[in-house]
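Engineer: Residue numbers (our numbering), protein chains in the order written: chain A, 10 to 377; chain B, 10 to 377; chain C, 10 to 377; chain D, 10 to 377.
Incorrect hints may have been included.
Only part of the chain C face toward chain B is listed, based on derived beta-carbon distances under 10 Å [said to hold, decoys possible]:
(1) VAL27
(2) LEU30
(3) PRO32
(4) ALA90
(5) GLN94
(6) PHE111
(7) ILE125
(8) THR137
(9) ILE153
(10) GLY304
Rather than coming from a laboratory, the hints here were simulated on the basis of the structure.
Nothing here was measured: the structure is a model prediction, and the numbers come from that model.
Quick reminder that beta carbons are idealized off the backbone N, C-alpha and C, glycines included.
Each chain is listed here by its residues.
Number of protein chains: 4
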Amino acid sequence: MTDAQDAALLAACRQLPVVGLLPAGPRNAITDVAGLRLGHCTVADGDLQTGVTVLIPPQDNPFMHKLPAGLAVINGFGKSAGLVQLAELGQIETPIALTNTFGVSAVVQAQIAQCIAANPECGRSLPTVNALVLECNDGYLSDIQRMAIGPAHYQAALDSASTDVVQGAVGAGRGMSCFQLKGGIGSASRQVVVGEQRYTVGALVLANMGKLADLRWGGQAPGAALERQLQLQLQAKLAAGEQAGTAVGDGVDKGSIIMLLATDAPLDSRQLSRVARRAAAGLANTGSCYGHGSGDIALAFSTAYTLPADAATPMPALAMLHEAQLDPLFRAAADAVEQSILNALWHAQSVQGRDGHQRWGLQDLCKD
Amino acid sequence: MTDAQDAALLAACRQLPVVGLLPAGPRNAITDVAGLRLGHCTVADGDLQTGVTVLIPPQDNPFMHKLPAGLAVINGFGKSAGLVQLAELGQIETPIALTNTFGVSAVVQAQIAQCIAANPECGRSLPTVNALVLECNDGYLSDIQRMAIGPAHYQAALDSASTDVVQGAVGAGRGMSCFQLKGGIGSASRQVVVGEQRYTVGALVLANMGKLADLRWGGQAPGAALERQLQLQLQAKLAAGEQAGTAVGDGVDKGSIIMLLATDAPLDSRQLSRVARRAAAGLANTGSCYGHGSGDIALAFSTAYTLPADAATPMPALAMLHEAQLDPLFRAAADAVEQSILNALWHAQSVQGRDGHQRWGLQDLCKD
Amino acid sequence: MTDAQDAALLAACRQLPVVGLLPAGPRNAITDVAGLRLGHCTVADGDLQTGVTVLIPPQDNPFMHKLPAGLAVINGFGKSAGLVQLAELGQIETPIALTNTFGVSAVVQAQIAQCIAANPECGRSLPTVNALVLECNDGYLSDIQRMAIGPAHYQAALDSASTDVVQGAVGAGRGMSCFQLKGGIGSASRQVVVGEQRYTVGALVLANMGKLADLRWGGQAPGAALERQLQLQLQAKLAAGEQAGTAVGDGVDKGSIIMLLATDAPLDSRQLSRVARRAAAGLANTGSCYGHGSGDIALAFSTAYTLPADAATPMPALAMLHEAQLDPLFRAAADAVEQSILNALWHAQSVQGRDGHQRWGLQDLCKD
Amino acid sequence: MTDAQDAALLAACRQLPVVGLLPAGPRNAITDVAGLRLGHCTVADGDLQTGVTVLIPPQDNPFMHKLPAGLAVINGFGKSAGLVQLAELGQIETPIALTNTFGVSAVVQAQIAQCIAANPECGRSLPTVNALVLECNDGYLSDIQRMAIGPAHYQAALDSASTDVVQGAVGAGRGMSCFQLKGGIGSASRQVVVGEQRYTVGALVLANMGKLADLRWGGQAPGAALERQLQLQLQAKLAAGEQAGTAVGDGVDKGSIIMLLATDAPLDSRQLSRVARRAAAGLANTGSCYGHGSGDIALAFSTAYTLPADAATPMPALAMLHEAQLDPLFRAAADAVEQSILNALWHAQSVQGRDGHQRWGLQDLCKD
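Please build the complete structure, drawing on both the sequences and the hints.
Structural biologist: Here it is in structure tokens:
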């Protein structure tokens, strides 16, 4: 390929594409769904580049007021906690936590402890709590074997939560790789009108999947050009006597992506599972075809109503959307997920971590 | 949008994109997988624009020598026959037939009759045969209520079978719509090397889904430009006193797509299900997000070995591919499906059918 | 075993066990769920011993007013029509038909024709209809290869429908075998109280599965004793110069069972799938462990509300039962299915059919 | 009911029923499958009545030599770790651990640490390990909120492993309840002949489900008689001035059962999933119908071959069993699970735990 073609592709990567035709919400983030808050705890300390991210539902005590939810296991190479029960009951009863693969257990324990503190009968006269902790493997940049995540990181993420959404190499996204570049946290939202009602679909991704050759960016396929750019940067660093990190690291086949979808539309669990499945379309549009070693998990929930823990409390009596009204929500889900992945790449700065491994942020790599 | 922008988008639609980086097989069709043959029976008669397509496995009597297979129900709004048993047993035991939704029963009956003729104990000392007939709804162009498909059409499709693959508005694809343009049959293949072995993945689609606004063609989004072009063509016809057909018809939400994947790689049923799931990525890359009313079904099978009907016959003893070797096959499956859908659009000529309904072939619509 | 032990076991088989502790409804049949009607068309003519059974929902036009439903594929060796879409959308939109395996297509066509007659836009501006026809293989007693079932049989079953439930060797059950005895249609109901509300769970089975050795009857295992009794009857007939039929025929591994569950409790599709799964418990309690070649399918639906076909019609706004209130319904479903299978055996008279094959009715076999 | 009837039912409970007609292996335990070992660590200390049980595969390093496996989620109200990946890949790569619900995380961490110790590249150039830890809630007898299980308990269970199988209130079974009696660990095996080859199916259960009224014991329904017996024992203790514990405690709806099946038959993952599903039949035959709040999980694996972690290692090339040969294995699986549950009840001694809660061992309760 000519240098001019590469230059054009790199130039294209200096613009953030806008996915689809639907309008975004005011924040273009999952917190456009009213009541949601997002928090991060970031660990950035040499060989440890990791963290925890938490999406907090509107309810103070979701264990007693559960949210309807649905699941799509697009590729099941993953170790997330809480999915089997979510699939059976169609409910979420904790905040949704994201972290690295070997950090899941510590966050599960933190969620259990928190639930017991708020509900002293949890595990006694009340059922045990179904902790919900999703994960990707950040072992390329972070020393995952040190199992550095503990309950305090989860608490710190909770404490930091707000409606402001920080994206990129933060929280659970700190050590994640995406298309062999720096990945991490991305978010977006889309609005649709069904009948006379406006609904919001918000997405939040922990993006850690993909091979650079497959990347699609605004209709372009800049993978090969970016690979050449990585080589140039590497050589420049070496020439300057700096520690250069790897150009295109291995480990990419052990990636994964977690895709959370939230909406204020009244949907039941089966319908939410249908929404969650559309995350696969947004993911594909970035270039992924759900690699063997990738835990590609999507989860959708609605904030339109809650389900009481107590069988004596009246159940909600509200009309769900008609099945034939779901198409705009499907499109919104796919587009919001795609936009979220692009946003994760766009916002992620370069990070150097374990054993000198480095991932370039897309903007760092492509800047003039 | 300016006329110049529209012109550029139309020009882009006058070229067939090549999907991905993998090489195609010699025919760039599913019959690149050795032993497979494809046949069509096309009904093109006024209000009837329909037909039957059949993909024939290498075995003369697949009821006695079954093929390993896997299934992915991407969106289950469909009436195909044979899927429940395929999911349970991981086997195909008939040719794979495609037709319109209300034609399924007649083709099922034809397959049963054919199986009994070849296996007189079918349904007696041998089990009943699991007919495999997949469908889309071509009711926009064809008078589906007449239930015009009969056993003879299936037989004619069988009789016409060869390794030559005719694409577009033929066979079961005769009356199908795709992105509100003329859709139908498309096929493609991709080759991969695993270890030192070359394998082929072939795809065949019956494409009947999508909204024009969503179409992605070679990285472009020409939907709006094509909608304007449809309006121009409509006005030109009306001005010329011709019956014009609709510009952008309704009925598109009742579309569907059937995606067949064949490979000569030795895979078991579970692995083939994983391959089939990657059809969702190829489909998404054309612009679909699996509409509510769309029966989006993918099925993958291997020709590398057969499974005997008779328990006394020795089972095959061969090594399957390692799970970590599947990624190239996943990419091939996604790319071959995407290419097949583009090919269906590319090859489909315009068709006028029931009640003056018309679908434009992409090339007819975009020609200078 | 001593003759005395056999005699005791045969005596036990001369009483119909009552399953469980829950009360039955007034008819102890699926029509205890208000509004349901059941019809049979029986073909009993030499080598043809087959038929059609149909369960009719309360709605005149279920295509426009669909019923919420759920599915459990306990063992998927079966060719029933309509299950994939039912699983996706959680809806039933036709009467539920039962027939023999090779008769499915004809009944599908009859359901399509009937739906078009009632809804002239079916397959045009309205979607195609999802025919729902479930099957077992009655090929041991009936010449299934003649494909004797046609639309008229379906119509006759509809025409005969009432709240009276005839059980045994009738309708679709005419040619079915169960535990190598005569099987067929069985039904039962159970009532539960949730909160202050009474609900009914009704079951209807088409029972065609099982090996005699496995039969459990009122806590007993009379299989071996019944096998000896079959031999005695055979010898008596031979001694009398009669055509004796087989004692214990082959073909039993190709059996199946369809288990329909209806309730007036307000449940959504996911909850109904959970109810349907409990059919596996009732089935197991009769001695089956879901044989390889058995299509063991359960389907549950609610009559508490309907879902409009038209998206402009308001959706129902009613409270579903709380998840923790489902246990009584689960028990009712399991018990009603078990009782239905026992009832099918109990009511089925002996039938002689194809090639002199015979199945003994349990009461015929065990009478003093 | 008369005292005589109760006495007869209690007498029946003083005999351990033998389930089915198939022969057991020499140990009548899961360790009849060659190479398997079982270990327990029991915590029995006042308010803590809990533990860990581990089933160890024949391979020293199962992370490098994985076992083919299949899964059946009969009711998904559970928090076990490792199931999503097991379902996707059909593989087990660690020992299989059992513990209480809130102990899962600690054992997951122990498994991760152990895997890293044996495979220093785990999570780096090798994928992360899929810890496999299954659970039931023993919170009725044990103070689950104390989260008392740690890595040392897992190690102790490993260290104690042998082919001798101790059943009842031991290991993870220490605090479990079953049919409101004392439950826990049970095991059994059955042998079948396929062709000329003998295969063993072994089962191991962690039994913590069921309501006493539903119990089936050797064809009898002694639940009500046992409830009366519990009241008598309670009154006797109170009369004697002892702390009596509850007669029939609450908490039973939060029960669960884990059912592990092992076989030396050569089966692939799909076939093993089919075997696992038959656990539902064995479970039902003890009286359960899979309560809402019960995590009823079955898992089956084969020791006939291993799958290499390294894609460069040749894959096994051996013939699986023919699908039509699975019926004896299905029966063996159902019977071994049923027998295991009966064995768990049979061997479990009475235990008193948290807050004076008590569960009676069946033999303790029924002794003369």
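Engineer: Taking the closest Cβ pair, is THR137(C) under 10 Å from chain B?
Structural biologist: holds, 5 Å
Engineer: Can the hint on GLY304(C) be confirmed by a CB-to-CB distance to chain B that is less than 10 Å?
Structural biologist: holds, 8 Å
Engineer: Take the shortest C-beta to C-beta distance between PRO32(C) and chain B; is it under 10 Å?
Structural biologist: violated, 35 Å
Engineer: Does the interface hint hold: is VAL27(C) within less than 10 Å of chain B, judged Cβ to Cβ?
Structural biologist: Cβ of VAL27(C) sits 34 Å from chain B, so the hint is violated.
Engineer: Go through the hint on PHE111(C) and say holds or violated, using the shortest Cβ distance to chain B against 10 Å.
Structural biologist: With a closest approach of 6 Å, the PHE111(C) hint holds.
Engineer: Let me know if the C-beta of LEU30(C) comes in closer than 10 Å to any C-beta of chain B, holds or violated.
Structural biologist: violated, 34 Å
Engineer: Under the criterion of a CB-CB separation shorter than 10 Å, is ALA90(C) in contact with chain B as hinted?
Structural biologist: Interface hint status for ALA90(C): holds (7 Å vs cutoff 10 Å).
Engineer: Would the hint on ILE153(C) be counted as holding, given a Cβ-Cβ threshold of 10 Å to chain B?
Structural biologist: Where the cut-off is 10 Å and the nearest Cβ of chain B is about 5 Å from ILE153(C), the hint holds.
Engineer: Does GLN94(C) meet its interface restraint, that is, does its C-beta lie within less than 10 Å of any C-beta in chain B?
Structural biologist: The hint holds - GLN94(C) has a Cβ within 10 Å of chain B, the shortest such distance being about 6 Å.
Engineer: Going by Cβ atoms only, is ILE125(C) closer than 10 Å to chain B?
Structural biologist: holds, 5 Å
In summary, the structure is inconsistent with hints 1, 2, 3 from the numbered list given earlier, while agreeing with the others.
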